[in-house]
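Trainee: Chain residues, written in single-letter form:
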Amino acid sequence: MPVRDLLRTSSKLSPFQPRYEHLLLLVCVLGTVLPLGVDCNPSAENHQNNGTQKKSFPVLSFDYLHVRLPFEIALWILLASLMKLGFHLIPRLSNIVPESCLLIVVGLLVGGLIKVVGEAPPVLDSKVFFLCLLPPIILDAGYFLPIRAFSENTGTILMFAVIGTLWNSFFMGGMLYAVCQIPGTGLENVGLLPSLLFGSIISAVDPVAVLAVFEEIHINELLHILVFGESLLNDAVTVVLYHLFEEYAGVGSVTFMDVLLGVICFLVVSLGGVFMGILYGLIAAFTSRFTSHTRVIEPLFVFLYSYMAYLSAEVFHLSGIMALIACGVVMRPYVEANISQKSHTTIKYFLKMWSSVSETLIFIFLGVSTVAGPHQWNWIFVGCTLLFCLVSRVLGVIGLTSIINKFRIVKLTTKDQFIIAYGGLRGAIAFSLGFLLDKGHFPMRDMFLTAIITVIFFTVFVQGMTIRPLVELLAVKKKQETKRSINEEIHTQFLDHLLTGIEDVCGHYGHHHWKDKLSRFNKKYIKKCLIAGERSKEPQLIAFYHKMEMKQAIELVESGGIPKIPSAVSTVSMQNIKPKRALPQLSKGKEEEIRNILRSNLQRTRQRLRSYNRHTLMADPYEDAWNQMLIRRQKARQLEKRMTNYLTVPANHPDSPTMMRSRLSSDPQGYSLKLNSGNVPAIVVDPATPQSPESMKLLEESSKPGEEDQGIVMRAKLPESSRTDDNVFTPGEDSPKEQRLIRCLSDPGPPPEEEKDDEYQAFLN
Amino acid sequence: MGCNASTLAKIHNVDELILETGFSSSHICHLYNRFHSLDKDDKGLLNRGDFQNISELAVNPLGDRIINNFFPDGVDLIDFNSFARTLARFRPVEESLKKEPDSPEPINSRANKLKFAFQLYDQDKDGKISNNELLQVLRLMLGVQVTEEQLDNITDRTIQEADLDGDNAISFEEFKKVRAKLSGHFLASSCLTSDWDLGWGYGVASL
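The listed protein sequences correspond, in order, to chains A and B.
Letter by letter, the first sequence follows residues 1 to 765 in the numbering used here.
Letter by letter, the second sequence follows residues 1001 to 1207 in the numbering used here.
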């Protein structure tokens, strides 16, 4: 996750004095842990005898009870976050051991500490888990799901999720039952149905664990989406099987009718969950259409609607995870077109933050629960569980792949299969489901729990730790770091159209045909309803192009201006500019005007920043200045006859949210520029950024002050000397915090006769 | 409309066709049936009008170019064999086939596919995609919502990125390089059948 990487990079900056930090951390940990143990003794001395005698007014009193619950929750979260900090301070630990393992170890330690103090360590309550800890992670995953990869591999993913999980459950349940029947193991009381129930609990691949481990190994997109998609979609199967077996384990037998009902139930659960999610997603998208006046609460709608989708699905025992994913996926394109830049950043960071905290808490609690929970260790049962888990996973993957490969164009190689099999990690969902079992119906629940925990530990520790060296060893393809250039985007769309056309000629209604139909339907009807205003008409390619321009411009700013650029970034456009031609040429009059405008606005900003009104996010004061400059620029451009603006973006409405958005896609990682051999400027495209800038109508630009906030504003600093062709302005003295404005142009050389009066060349919007 | 020996018998030179295109006989049958369903007046040949009758092709921005590609220069009617040959380009690449060093490249090889795509861009067939040609393609794909200036900028930018020898046009070599950068999975996923091979397992695709 980008937040993690951010932490990593920041930790590199302070390598000195690690010891103090470790000490501090230890003190903090102890400080947080001890109250957790101590709190359980209500102090009886708080009762006072009323009325009998007048006591002196208490200046300082201690009343812990009434803040106990929130206090504990806050302490736990604080502990989790401190742990996360701690790991990244230790230099090489995070490279060897995945975070999930470390967190479980911490949980074990904390649990042990609490036990030593004499208290009962808290166990991971299933209700808390399913209602509070799991949704943020799933929402984060669903909102940022790579749609293209997912939709192209949907068939494979569904096969693995549904049939793979079914196979795993029945194989494990059956084999365990067989083992239990062997006389002399002491396990004869484990019936068939409890075994099958156990099999269904333990066989589901866990999204939390998969995310935690796979995030760090940066495997190629195909494998990532296969394993991850499987972990998400198998929820429906798990829910149905779990309920089915749990219901009937008490009765003792399952008839054919029940099986049939189970199948129907599966369809209802999964499709119902998806439908619920889509419904809420559409409502959320529709709501976001009207939020242009209350930007502050936009992120709230996203979170609330998604959570409502999850809860509503849980009401009917539908698959909450699928509802959440469907909601996020459906909602995203429309919401992102409607909301402001700031809201987008907020949503992104909140989701990452919550999911990160949730994940940390889940793993820590797993550790604590291990120490806490009642255990019943049975070597044979646990050993066989582990063995059968591995065996069934491997067999399942191999078997399914051989069937799937008949239908796939890109076949799954043996290496791929190995990674898929190896990446089937179990996690906290299995534990929570086991914990929910009723002890009355299932006397062997403790044994089950022990086995589940052992399997979880094994998969997370052994498989989690070794997957990275294995990936290196097998030379599995890693995630491509180069981002898409506009060429590739054009070709992609071109290919889509081409292949759709060929499909139509053949009369074959394949993948492309339906995708094309869907996007046409989307454009014609849905976008009009759900996206406010102009943005509903924007083609994707334009959005992409603008995003790219923005990013490149930002990179140029951050890399410090033109003179450094030829060495750091060799954008093709920049090749045409020699370092000496640093700055554009402005007439004196214009310069003075700009200076005045900016100076006056600067002061305005400073004042504004001091008092921040909660109800409205004021539009930035630069807007007026910007609009003036933009209008001037338009005129300038109209004057020019011919200009090859390689990086020009025509004057845009300054408030275009996408522009703002792509301006700062908040992700420092997003700005990494890699030079590749084709000398193509590799532009980072953050898949999370939304798509549609407003369509540009040069002449219709009218400033709408106060309509939207601009996000981070770029300031133009005045150039000392001036040249016509563009470039980067270097910052002046009076701009402590403003950022530099880039104008990138790659005009190779204006013909000498042209008047370069008003060139504020293209610049970023 | 079944697929049987009698259908095969109707096709001229069917064995040679199977060899050349690499389709299986059932595929050929299906294509033949499709050919006849497109051929409204039953003349055994297709003209441009028959293609344009396909409704979905009419709304496809690249529809005209695709149709033109079926008809080589100067030819206005095509028979089934050339129909099948053009479609054969889209078959998935068979990596496992052993290639003799001097045999002609199979019709669905990667290079041929790229050449086909290149030809769709390069209308005047001079071996380069010029600024103008790219502009036309973009105009087709993006429709009316986009201003001229935007299109110009995008075109310039695109050519700049891909152009290595500085002639301000994209040659076939440069085109190949750009396409090569698309990751393998992505490339292959732009195919006519994704994981599900619907219906008759017609493994068309993969560019």
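Take these hints with a grain of salt, some might be off.
Restraint-style ranges between C-beta atoms, simulated for each label pair [said to hold, decoys possible]:
#1 1020/B x 402/A: 26 to 34 Å
#2 529/A x 1076/B: 31 to 39 Å
#3 1058/B x 290/A: 55 to 63 Å
List time: in silico DSS-like cross-link candidates among lysine-lysine, alpha-carbon distance up to 30 Å [stated by the list, open to error]:
#4 1177/B x 415/A
#5 515/A x 1176/B
#6 479/A x 1177/B
#7 1043/B x 477/A
#8 1128/B x 406/A
#9 479/A x 1040/B
#10 1043/B x 515/A
#11 55/A x 1113/B
#12 1177/B x 515/A
#13 1113/B x 411/A
#14 1115/B x 411/A
#15 411/A x 1176/B
#16 415/A x 1040/B
#17 517/A x 1115/B
#18 1176/B x 478/A
#19 1128/B x 1115/B
#20 1010/B x 517/A
#21 528/A x 1177/B
#22 1177/B x 411/A
#23 1128/B x 415/A
#24 479/A x 1176/B
#25 1010/B x 515/A
#26 477/A x 1113/B
#27 406/A x 1176/B
#28 477/A x 1128/B
#29 1115/B x 515/A
#30 517/A x 527/A
#31 477/A x 1040/B
Hints listed in this document are in silico derivations from the structure and should not be mistaken for laboratory results.
All residues carry an ideal CB built from backbone N, CA and C; glycine is no exception.
Trainee: State for each hint whether it applies.
Mentor: Now for the hints, and whether the structure bears them out:
Checked against the given bound of 26 to 34 Å, the beta carbons of residue 1020/B and residue 402/A, roughly 31 Å apart, stay inside it. Between residue 529/A and residue 1076/B the C-beta distance comes to about 45 Å, which lies outside the given range of 31 to 39 Å. Taking the beta carbon of each, residue 1058/B and residue 290/A are about 37 Å apart, not inside 55 to 63 Å as hinted. Proximity of residue 1177/B to residue 415/A is assessed by CA-CA distance (about 27 Å); at most 30 Å being required, the pair is judged to hold.
Taken as a hint, the residue 515/A and residue 1176/B pair is honoured in the structure, with Cα atoms around 26 Å apart against an allowance of 30 Å. For the hint pairing residue 479/A with residue 1177/B, the CA-to-CA distance comes to about 19 Å; that is within 30 Å, so the pair holds. Restraint check: the Cα-Cα separation between residue 1043/B and residue 477/A comes to about 52 Å, which exceeds 30 Å; the hinted pair is violated. About 38 Å separates the Cα atoms of residue 1128/B and residue 406/A, which puts this hinted pair outside 30 Å; it is violated.
Between residue 479/A and residue 1040/B the CA atoms are separated by roughly 50 Å; this puts the pair beyond 30 Å, and the hint is violated. Restraint check: the Cα-Cα separation between residue 1043/B and residue 515/A comes to about 34 Å, which exceeds 30 Å; the hinted pair is violated. Restraint check for residue 55/A and residue 1113/B: the C-alpha separation of about 94 Å exceeds 30 Å, so the hint is violated. Our distance criterion of 30 Å between C-alpha atoms is met by residue 1177/B and residue 515/A, whose separation comes to about 27 Å.
Between residue 1113/B and residue 411/A the alpha-carbon distance is near 20 Å, which keeps this suggested pair within the 30 Å criterion. Distance hint between residue 1115/B and residue 411/A is fulfilled; the C-alpha atoms sit about 24 Å from each other, no more than 30 Å. The straight-line distance between the Cα atoms of residue 411/A and residue 1176/B is roughly 23 Å, inside the 30 Å bound, and the hint therefore holds. Taking the CA atoms of residue 415/A and residue 1040/B, the gap is near 50 Å; set against the 30 Å cutoff, the hint is violated.
Our distance criterion of 30 Å between C-alpha atoms is met by residue 517/A and residue 1115/B, whose separation comes to about 28 Å. Proposed proximity of residue 1176/B and residue 478/A is supported: the alpha carbons are some 23 Å apart, at most 30 Å. Of the supplied pair hints, the one linking residue 1128/B and residue 1115/B holds, its CA atoms being roughly 11 Å apart against a limit of 30 Å. About 35 Å separates the Cα atoms of residue 1010/B and residue 517/A, which puts this hinted pair outside 30 Å; it is violated.
The hinted pair formed by residue 528/A and residue 1177/B fails the criterion: a straight-line CA distance of about 39 Å is larger than 30 Å. Pair hint residue 1177/B plus residue 411/A holds up; C-alpha atoms about 24 Å apart against a cutoff of 30 Å. About 40 Å separates the Cα atoms of residue 1128/B and residue 415/A, which puts this hinted pair outside 30 Å; it is violated. Between residue 479/A and residue 1176/B the CA atoms are separated by roughly 22 Å; this keeps the pair inside 30 Å, and the hint holds.
Only pairs whose Cα atoms come within 30 Å are accepted, and residue 1010/B paired with residue 515/A is rejected, the gap being roughly 36 Å. About 25 Å separates the Cα atoms of residue 477/A and residue 1113/B, which keeps this hinted pair within 30 Å; it holds. A distance of roughly 29 Å separates the Cα atoms of residue 406/A and residue 1176/B; the hinted pair therefore holds under the 30 Å criterion. Restraint check: the Cα-Cα separation between residue 477/A and residue 1128/B comes to about 33 Å, which exceeds 30 Å; the hinted pair is violated.
Restraint check: the Cα-Cα separation between residue 1115/B and residue 515/A comes to about 25 Å, which is no more than 30 Å; the hinted pair holds. In summary, the hint linking residue 517/A to residue 527/A is supported, as the alpha carbons are separated by about 14 Å, within the 30 Å threshold. Taking the CA atoms of residue 477/A and residue 1040/B, the gap is about 50 Å. The hint is violated against a cut of 30 Å.
Of the numbered hints stated above, those contradicted by the structure are hints 2, 3, 7, 8, 9, 10, 11, 16, 20, 21, 23, 25, 28, 31, listed in ascending order.
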